[in-house]
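Protein chains in written order, with my numbering: chain A, 11 to 160; chain B, 11 to 160; chain C, 11 to 160.
Derived from the structure by calculation, the hints contain no laboratory data.
Quick reminder that beta carbons are idealized off the backbone N, C-alpha and C, glycines included.
Be aware that a few hints might be false.
Chain C stretches covered by chain B per the calculated footprint, using a threshold of three residues with CB under 8 Å from any CB of chain B [to be verified]:
(1) 64–71
(2) 150–160
Derived DEER-like restraints, expressed as beta-carbon distance ranges [stated by the list, open to error]:
(3) C:T126 with A:A135: 31 to 37 Å
(4) C:G154 with B:T124: 32 to 38 Å
(5) A:G154 with C:G128: 40 to 46 Å
(6) C:G128 with B:G154: 44 to 50 Å
(7) B:K141 with C:G101: 25 to 31 Å
(8) A:V151 with B:E149: 14 to 20 Å
(9) B:S108 with C:G101: 44 to 50 Å
(10) A:G75 with B:E95: 50 to 56 Å
(11) A:D77 with C:D56: 32 to 38 Å
Read off the chains here:
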Amino acid sequence: MKFHRWLRMGSLLIVLGMFAAPQTLLAQEEKPFAEQKFVLQISDMDPSKQTLVLNVANNILKAYGQDQVDIEIVAFSAGLRLLFEDNSNSGRIDGLVSSGVRFFACQNTIENMTATLGEPIRINAHASSGKGGIVRIKELVDQGYTLVKP
Amino acid sequence: MKFHRWLRMGSLLIVLGMFAAPQTLLAQEEKPFAEQKFVLQISDMDPSKQTLVLNVANNILKAYGQDQVDIEIVAFSAGLRLLFEDNSNSGRIDGLVSSGVRFFACQNTIENMTATLGEPIRINAHASSGKGGIVRIKELVDQGYTLVKP
Amino acid sequence: MKFHRWLRMGSLLIVLGMFAAPQTLLAQEEKPFAEQKFVLQISDMDPSKQTLVLNVANNILKAYGQDQVDIEIVAFSAGLRLLFEDNSNSGRIDGLVSSGVRFFACQNTIENMTATLGEPIRINAHASSGKGGIVRIKELVDQGYTLVKP
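Could you put together the complete structure from these sequences and hints?
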């Protein structure tokens with residue numbers, strides 16, 4: 011009886027899951043059992059730093075293998091430009107997201123830039139947000155991530 | 011007898027303390043029981059980094075509350091300019107000091123700049139010094155501070 | 011019999027070692043019992059960062075004493091220029107190597123720059139390599155090194 015109920019519940023969840031869990035959401039999940047955890051910071055204006063932080067993420071994936079690493083790229087201040095919807099690197103960001111890399115956009119920077127521009131800025135749909143970049147970095151460091159600013 | 015002597019000594023210290031302990035000194039004390047400890051590094055020439063490091067300190071204070079965080083900003087190399095007495099951000103520095111943020115000026119940089127200029131440089135009165143910025147950073151990291159370079 | 015073979019092998023290795031282990035190799039050894047361990051990152055284009063990272067290494071040596079510290083400078087991206095054979099700081103690099111400082115050149119950057127230039131780039135003979143700079147940084151951080159990017 012109980013088994014039957016579990017079976018039905020299980021089937022329901024699987025069916026729901028087929029509709030409810032988009033690729034993006036899966037890619038944004040943390041990997042608690044990954045052996046290597048990196049938080050990569052981008053906060054500089056220099057556009058070459060945008061390419062660099064993506065290169066470093068790519069090198070980490072190649073070195074350890076996608077299943078062994080957990081990478082989150084946290085952007086704040088002028089570095090937020092990497093996560094503007096129309097950034098020229100958005101194709102590379104899509105590729106990294108499909109390899110499990112997560113992106114985080116500093117809420118403080120979003121609000122400050124929005125106030126400066128007088129209209130909401132458009133952020134890459136793959137990026138999470140909702141708190142300050144520094145707060146997100148601290149959360150990840152406290153969970154054992156190594157912080158590197160390329 | 012001995013007790014009396016201690017009492018008199020104690021009263022004297024309390025009275026002296028009322029005059030001798032300025033706000034600044036209190037603000038410069040470490041908070042060993044703070045839950046979140048940050049050492050923020052500034053060593054770049056770019057003046058926008060001066061604003062940024064102060065913004066980040068402010069965001070940390072807002073996110074956790076002044077009593078829950080311990081923040082020290084360590085300036086070295088070209089970043090020492092933030093702590094020049096006549097820096098345009100000195101008003102903001104005063105405000106952060108009154109919120110408990112500490113500032114540290116690299117002794118090596120002070121000496122090198124003094125040698126280069128041929129006269130002593132004037133450092134913000136709120137800043138501590140007396141050892142290298144890298145040595146101060148290491149001390150703080152060893153005490154559990156998270157090092158971030160905005 | 012077996013013992014004799016080992017003895018001969020051992021003698022051979024010792025004799026070979028007398029010729030094969032140059033000063034450089036010795037200087038590149040890690041110091042597992044050093045009390046202070048630093049990995050200094052250089053990845054910026056700005057040439058003043060080359061001087062700065064060497065200054066910081068020097069300040070660490072002065073502050074703790076050569077025998078108490080273990081320093082490795084990891085160069086990647088545009089920071090690899092510090093380790094170009096013809097870099098103007100090569101004299102200072104020689105001096106730091108003789109004080110036990112190690113240098114590491116990111117293999118990914120070497121390969122990318124070689125591909126871009128169409129010919130192998132010449133790297134300072136004191137520098138180790140063979141893996142990515144980010145991988146080397148992670149190895150050292152996992153061994154208790156404090157990562158600082160001057």
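Outcome of the hint check:
1. Counting residues of the segment 64–71 of chain C whose CB lies closer than 8 Å to any CB of chain B gives 4, so the stated coverage by that chain holds, three being the minimum.
2. With 5 residues bearing a CB less than 8 Å from a CB of chain B, the segment 150–160 of chain C meets the requirement of three and the coverage assertion stands.
3. Our hint of 31 to 37 Å for T126 of chain C and A135 of chain A holds, since their Cβ atoms are close to 33 Å apart.
4. The supplied range of 32 to 38 Å is met by G154 of chain C and T124 of chain B, whose beta-carbon atoms lie about 35 Å from each other.
5. In this structure the supplied range 40 to 46 Å holds for G154 of chain A paired with G128 of chain C, their Cβ-Cβ distance being about 42 Å.
6. At about 49 Å, the beta-carbon gap between G128 of chain C and G154 of chain B stays in the expected band of 44 to 50 Å.
7. Under the hint 25 to 31 Å, the C-beta atoms of K141 of chain B and G101 of chain C, about 28 Å apart, fit the expected range.
8. V151 of chain A and E149 of chain B have their C-beta atoms about 18 Å apart, which keeps the hinted 14 to 20 Å range intact.
9. A beta carbon spacing of about 47 Å between S108 of chain B and G101 of chain C agrees with the range 44 to 50 Å that was offered as a hint.
10. With their beta carbons about 53 Å apart, G75 of chain A and E95 of chain B fall inside the hinted range of 50 to 56 Å.
11. The hint said 32 to 38 Å for the Cβ distance between D77 of chain A and D56 of chain C, and at roughly 37 Å that hint holds.
No hint from the list above goes unmet by this structure.
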